[in-house]
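Asks: Protein chains in written order, with this note's numbering: chain A, 1 to 664; chain B, 1001 to 1107.
Simulated from the structure, these hints should not be mistaken for lab results. Since the model is a prediction, treat every value here as computed from it, not as a measurement. Check each hint, because a few of them may be wrong.
Mimicking EDC-like on lysine to aspartate or glutamate, the simulated pairs with C-alpha atoms at most 16 Å apart in a straight line are [to be verified]: (1) A:K474 / B:E1059; (2) A:K605 / A:D593; (3) A:K265 / B:E1059; (4) A:K265 / B:D1049; (5) A:K265 / A:D198; (6) A:K605 / A:E545.
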Amino acid sequence: MPELGRAALVAALGLILYAAVVGSYAAWRGRRRLLDSATNALYAAFAAVGVASLVLLAALAGRDFSFDYVARSTSRELPLSYTLAAFWSGQEGSLLLWLLVLTGSASAAIALNRRLVREVLPWTVPIVAGVALFFAFLLVVIASPFATQPAPADGAGMTPSLQNPYMIMHPPMLYLGYVGLTIPFAFAMAALASRRVDERWIVVTRRWTLAAWTFLGVGILLGAKWAYEEVGWGGWYAWDPVENAALMPWLVATAFLHSVMVQEKKNMLRVWNVILVAGAFSLSLFGTFLTRSGVISSIHSFTQSSIGPFFLGFIAVVAAFAIALILSRLPLLRSPTRLESLVSREAAFLYNNLFLVALALTILWGVVYPLVSEAVRGVAVSVGAPYYDFFAVVFGLPLVLLMGIGPVVAWRRASLRSLASQLAWPAGVALVAGALLLLGGAGSSVAGLVGYTFAAFVLATIVLEFVRGTRARKSIGSGGWWQAFSGLVARNRRRYGGYIVHAAIVVLLIGAVGIGGFSTSREVRLAAGESVTVGDYRLTYAGSEERRGANAREVRAHLAVSRNGEPLGTMQAGKNSYFAEEQTSNEVGIRTDWLRGEDLFVIAKSFYPDGSVDLETIVNPLVNFIWLSGLIFVIGSAVTMWPDAREQRRLAARFAGEGAVARA
Amino acid sequence: MVALALGALLAVACVVFVARPLLRSGRADASAGLDGDEEGRLQLLEERDRALAALKELEFDHRTGKISDEDYRGLVGPLRRQAGEALRALEHEEEPQREREEIDASR
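Bound conformation, chain A alone:
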């Protein structure tokens, strides 16, 4: 069926081209029927891309090696789950996923706000189509997943490091995030093109932006979990360019989610907000470019390809289009209100934005510098972790402090006296926590001690915010404590959902500081029966075994584990030698203590003919807080995104007769 896949993609390209050209003309001349037709073309393009995706999935499931893509990405012995995940493990498949998610989410966003798009923001359709056109062009002309060949007996298999359960979910989550950022970009640019720079585009895209940001955040954490388990160096984030590629748009989108509240409350930062939306989208394109072009050397970059120049050209076009549009609409975007005080909630959001964007730009420079150096001087350089660690601390610690200070500062202006009284309790809790940690021996890492003290400060502020809010609601007669608490969250979902997300970031900080500042490790060569001690743990090597797995030969070292003399069972660590791929991977051993939140992490580096083994053993304290933070993050995001019937009614009344804005 490759012909059907190719035909579906050609049809999608034609439909998207129609949506872009006819949609632009319709928006320019105000032709409603033509715009409806262009919108239908976008919906039909989604259906056509869906057909192409089904063809590829069927080819993967049937292991049809006459598809070049299937032969390059899978093998007969590859388990079915990874075989299906090969849809997005290679370049052509991942571009198809991009186009599928883009046309699908754009169709949904436009269908839900059809009247608004048709009557107020008609430029949304051609702008979305313009973005989709690029990906459809790549898929039809440059990187088709439907290229065929005489079917070989077996496929080349999948890169071993991709054969991990987290890798099944990580790329789609990232793509949902990257692609999701197209929606706020398209509506923002459409608002500028249509000269409708009021709140409507923000109201419509609020949940889309939050969803994209949540997917991106979850995708980053799933990638970290994959790296922790699969790459096998004992860490979770290595400032790899491809990891950074996802972090940068997430940071800029985080800045936007904060500054957009200032626009909603105070009608300020209107230029800044459209710049952030355009920046987040451009960085999401840049992230896809880094992952897919093969232009950088990264453990996460699996492709060497020719699409790099196309991507760079497209990013340049998007940036130029956004800058030109913003500049041409500057008079409309000027804010009628000014910052009243440097000690106010809006000022805190502004500081938060500056630190977030500065961090994103610093990371961008670290990613781009090696490319620039090689292009200009012909010298290959790499920017290492110390550079990123330094700026993460310089910009990250004030950001953490602002997470504690911002929520207790009032809008407009706050006196320093009332601010001090609000912060007295959290500061007291932080100081006590710091002192206790110092007494408990945490002074071995100054950065760790400072990080935990700041974490205590922010957590105390968050708890106090919930307590004070609940007490205030109870005082105005909201029934018992539980009713007051649930009413508080239900009436202010964005605020209290946001606090839960802040708590997630603090929990992440606790885990990151634990593994970064307090982990202990030992490297040793052991013969059968010998032991090694690391932290409170003692590991005794019982010997190794070789066995045949589904698609690899597996060798495992068996280790008996005890802590403070108490036996805890056994664990294994070893290597897999994949048959089809002819590659070897580390299969680390991880023993998690959920109560302590720590991991005992074992890497079997080398197996020797005499039966001995080189082991690296690491105790990672509190590392599981990092994964726990993902769960809290999702809960907080869900609370924030949960529809608020009261707000829906208010918006419906405001926009009555102007479309389905309230559905946003």
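On the provided structure of chain A, position chain B as indicated by the hints.
Replies: Okay, now just chain B, sitting in the frame of chain A:
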């Protein structure tokens, strides 16, 4: 052969779906858009909502102790004035519309 037939079916379905709005009969093919009055009204509604939300937030911040009594007194006056102005402007904006409706009803 099956692929060819399915491809043709997909193409025909897409063409029909895309052409459907163009085949509609009836009103002229022009975007209604919003006129200046509607835009102005919407701006006033935004201002009203913003002022009322700010007042609500101020009350809550005062109740939770984020704003001292002194700061509260300094902030509440201008915000109330702002909300009042937005409401009055809206009322003024809607007056002719109401009058038109009353005249229509009396006929």
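Asks: All hints are to be evaluated individually against the structure, with a verdict given for each.
Replies: Hint check results:
1. A:K474 / B:E1059: Cα-Cα ~15 Å, so holds.
2. A:K605 / A:D593: Cα-Cα ~24 Å, so violated.
3. A:K265 / B:E1059: holds (15 Å)
4. A:K265 / B:D1049: Status holds; Cα separation ~9 Å.
5. A:K265 / A:D198: holds (13 Å)
6. A:K605 / A:E545: Holds. K605 of chain A to E545 of chain A sits at ~15 Å (cutoff 16 Å).
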